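Throw the hints in and build the complete structure from the sequences for me.
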Amino acid sequence: MALAILLPVTYAMSPIAAMVFLMAVFSASVFGGSISAILINIPGTPGAIVTQLEGYAMTCRGKASEALTYSLFSSTIGGIIGLIILMLVAPIVAGAAMQFRSPEFTMATVFGLTMLAYSTPGSTFRGVLSGAVGLLCGMVGFDLVTDVSRFDFGTSALQSGIELVPLTVGLFGLAEVLRGVENNTTQTDRTPPLKALTPSFAQLKRLWKTILRGSALGAIVGAIPAAGSAIAVAVSYAQEKRLSKRADEFGTGVPEGLAGPEAANNACVGGALVPLMTLGIPGDTMTAVLMGALLIHGLRPGPLLFTERPDFVATVYVALFLALLLTFVLGFLLIRHFVRLMRTPSHILLIIIALLCVVGAFAIRNNVTDVYIMIAFGVIGYVMNKLEIPVAPLAFGLILGPILEENLRRSLIISDGSWMVFIERPIALTMLLLSLGALFYPFLRNPGKLLSINQ
Amino acid sequence: MHFTSRFRGSVAIMVLTVTTLTMILGACDRQAEEPFPSNPITLVVNWPAGGGMDRIGRVIAEYARRRLDVPIAVINVSGAGGASGVRHVADSDPDGYTVGILGASLVASQYINPNANAIDDIDLIALVGPDPAALEVRSDSGINSLAEYVQRAQSNPRSIKNGNDAPGGVSHIAATLLERSANIELTLVPYRGYAPTVAAILSGEIQSSTLPVHQLIEQHKAGEVNILGVMSEERHFMAPDIPTFKEQGIDLVAGDWRAIFLPNGVPDDHRAFLEALFLETLNDPDFQAAAEQLSFFITPMTAADTKRFVEAFDQELYPVLLEAGLVRARHK
Amino acid sequence: MPDPSRSHDPRNQIAAGSFLGIWSAIGWWSAARTTSLWTVEYGADPGPVLLPILVLTILSLGALALVAEGTRQILVEPPTHKGYWSSLRRYTLTPVLFIASLLAYVIAIEFIGFIPSSSVFAFVWIAALGFKIGEGAPRTLFFMAIAGTLIGVGLIYFVFIYLIGVPLR
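Chains as they are written, first to last, in the numbering used here: chain H, 1 to 455; chain Z, 1001 to 1332; chain Y, 2001 to 2169.
Just so you know, the hints here were simulated from the structure itself, not pulled from any lab data. It should be emphasised that the depicted structure is a prediction, and the values quoted were computed from it without experimental measurement. Incorrect hints may have been included.
Stated by the list, open to error - Covered stretches of chain Z (chain H as the covering partner; in silico rule of three or more C-beta atoms under 8 Å from a C-beta of chain H):
hint, region
1, 1228-1241
2, 1283-1290
Stated by the list, open to error - Simulated pairs of lysine to aspartate or glutamate, DMTMM-like, Cα-Cα distance not exceeding 20 Å:
hint, chain 1, residue 1, chain 2, residue 2
3, Z, K1161, H, D416
4, Y, K2082, H, E388
5, Y, K2132, H, E182
6, Z, K1332, Z, D1305
7, Z, K1161, Z, E1148
8, Z, K1246, Z, D1256
9, Z, K1161, Z, E1179
10, Z, K1221, Z, D1140
11, Z, K1307, Z, E1179
12, Z, K1332, Z, D1120
13, Z, K1221, H, E249
14, Z, K1161, Z, D1120
15, Z, K1161, Y, D2045
16, Y, K2132, Y, E2069
17, Z, K1221, Z, E1280
For every residue, glycine included, the Cβ atom is placed at its ideal position computed from N, Cα and C.
Below, the structure is given as structure tokens:
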């Protein structure tokens, strides 16, 4: 979002300055998205929805600066690994990404949704249902394949569909404000002294495997056009939960559950640049804006970019590296100040967050309807919290639902209606089997537990 | 209860401050009867930042601004396949301070979407230029000319999968028109926007696409994709070696175009001023050079010509949409 | 954040089931009204109706299961502690007022502009919440409200509207 809003600022710059600027915004907005996720439970990027599961839980326990430091370290390492992969093996990764067609996207989305259902804190059964509500929300508006408008209740307001930003801002941010005004306090109200809360080097070192796993995952998944960071973080979180000895504590502030997805989220930046630089295809909304910026400056990314403009390719690498470095240094210097912001008297902080929710929801499309949608989801998030239904799957349903439906139906159009297309293609089949495995593995270990309503 | 009264007094002061502020701000809005334009002008782009419409909108704003004493602010109001931005302008105050830019989606939306504005709901003041569609195939398909493409499609109907927009989108309409004018049948595969379509033709999921030339010109140069023809009256300046469809014996002109518009009811003098302003800007050689750099065709038209152009486009499109089952509102 | 290890109160099962049931009911109703979903043939494409039916079925069955399970548990072993329903209701007045005023505020932005409406909204709520907490003298609360409003609205105006140019005026 920051990238789209700041894009016009670069129109007057030289191409190289614009590139450095946009890379800095790109990298900083990914970490910035995590800061708001950790501190005030508003995910700034789709990837940060998973960040807040552990990050905000840590903040609620008075460990905000610890959470931010974990996030900053794993983000930076993840970002650098993503960049290295981009530099070394961009053409190979791009070639592999080209193996991904509609059936593979379909199954990748199914896999992402399964991982999410598996890993959501709280009841898996309720997580699945919450995800179903999210899928429904994703169907609102014009259907891509036939252009039929669904679930619009006859209003033009809903025809444009439900944007992710108003939904997440409402579901997480405004709902948190409502809880705050109910209790007269934020959950982060009593922030303990800042000293001794920054994790020690030893504590960080313990996370290195987690961070490496997350980074590798992010860089690979990020390179698949359109799959994006949402799937990468979901898979990374599920994986850390599966490997952790403390799986039951996930959702209450476990560093592994924060560091893995954070590394994945940032490694996606390098990954997402792979198809852009090698093939001229933007992998997600952020790189799409970036590509728009390149076109404005007369640069046309495509297969010939590496041979025709090696200077420019080098600029991108250096810009991304500088941006990561800058984000790290600034983040490091500013963490304590961010945390100090949280010491603002809670009633003032709550109202400022409410104002931010309104302006943020409006700014994404300059549309007042989005503000009303944000408020509606604020109420929905508040009610779901009271009823103990997890909200994160809803947001993921909204992100992945349209990708799933579009690719599923496109696969069938291309295969002329044959569902075998998901079984005949090895990558699609592998992901389908993995998803089924993830669903039934707990069942094999503990037959009574599968989708147990009570748990 | 002295604190309550003090509290109340403070509230009174606050209310007073706010009221005064409101009045001052209100007064700023109403600097009536001053020469037009004396306030900033807003240019509404009906697609998101970074896209083609946004790029051309911003270049126009940039060069129009040089002829004015007031700034032009560009905002993006996207959604509903471009219909949200059109509505934003159509419903704004007709004072000349809100201008919009739109494309061919206007014409299709009015039939597909019951809530979209019709052509009559807005006041078109200038045509920027066309953005013609083209036909691209994968190099490894072995198809090297339009004739071969048509022959392949005729001998084996629906065997060629063509990537395009959702129904009603510009590249979808181009594909439908191609089917009609060449008398062939394709399998139309919808994608969400141009970038995923480019990805699909590169990955081999589809064999051809009906995207504008500039979307695949780099891949054409690299030899991955062949551009078989351009659906325009004259050849595209970015690919002068590629013949038009008309040159190859198929009477087909299709693709997007872009136009500047106002809400209905703008006072005549303001409207005349804006029409002249944008016409001069579009004819400015510096602007045209900048637009060409961004791969845009610039063929300015006056308000009257623009209206005729759009009406003709509408006449041509309606039967196509009707046949495709896409007319769901405003039957003719 | 709900505690994952705790199994849910049967009355919560019913409440959550009903909430999800409302979603699926709205969904079915809206889908049923959209005639083009059901009447048009789309060839190889299963059409825009496949996924809605699939998801709505899952949602409806899940909601039903939650309600049924809650009812079963209550019948088998009636919960001993009272007050679950009132605990859901207890503090809802302030959030309801908050949402109502937030809606009024958003509508007001269009009529009297961003700065005045935001200032009123922020000032009233910071003062009211401060008053509710009851910390500090009224004078302090008042000045905190003024300061909070000035800083909050000023900062947001400066960053979003002045610097970035979001068209909220």
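Checked hints:
Coverage of the region 1228-1241 of chain Z by chain H is violated. Counting CB-CB distances below 8 Å, 0 residues qualify, and the rule asks for three or more. Counting residues of the region 1283-1290 of chain Z whose CB lies closer than 8 Å to any CB of chain H gives 0, which falls below the minimum of 3, so the coverage claim is violated. This hinted pair checks out: K1161(Z) and D416(H) have alpha carbons roughly 11 Å apart, not beyond 20 Å. Note on K2082(Y) and E388(H): the hinted pairing holds, with a Cα-Cα distance of about 19 Å set against a maximum of 20 Å.
Restraint check for K2132(Y) and E182(H): satisfied, since their Cα atoms lie roughly 10 Å apart, inside the 20 Å limit. With a C-alpha separation of about 23 Å, the suggested pairing of K1332(Z) with D1305(Z) is violated against the 20 Å cut-off. Only pairs whose Cα atoms come within 20 Å are accepted, and K1161(Z) paired with E1148(Z) is accepted, the gap being roughly 15 Å. As the CA atoms of K1246(Z) and D1256(Z) are separated by approximately 17 Å, the hinted pair is consistent with the 20 Å bound.
Proximity of K1161(Z) to E1179(Z) is assessed by CA-CA distance (about 12 Å); at most 20 Å being required, the pair is judged to hold. As the CA atoms of K1221(Z) and D1140(Z) are separated by approximately 15 Å, the hinted pair is consistent with the 20 Å bound. Annotation: proposed proximity of K1307(Z) to E1179(Z) is violated, straight-line Cα distance about 27 Å (limit 20 Å). Our distance criterion of 20 Å between C-alpha atoms is met by K1332(Z) and D1120(Z), whose separation comes to about 14 Å.
A threshold of 20 Å between alpha carbons decides the hint, and for K1221(Z) with E249(H) the separation of about 55 Å lies outside it, so the pair is violated. For the proposed pair K1161(Z) and D1120(Z), the alpha carbon gap of about 36 Å is over 20 Å, so the pair is violated. Between the alpha carbons of K1161(Z) and D2045(Y) the distance comes to roughly 14 Å, so the proposed pair stays at or under 20 Å and holds. A C-alpha spacing of about 40 Å is found between K2132(Y) and E2069(Y), which places the hinted pair above 20 Å, so the restraint is violated.
The hinted pair formed by K1221(Z) and E1280(Z) fails the criterion: a straight-line CA distance of about 35 Å is larger than 20 Å.
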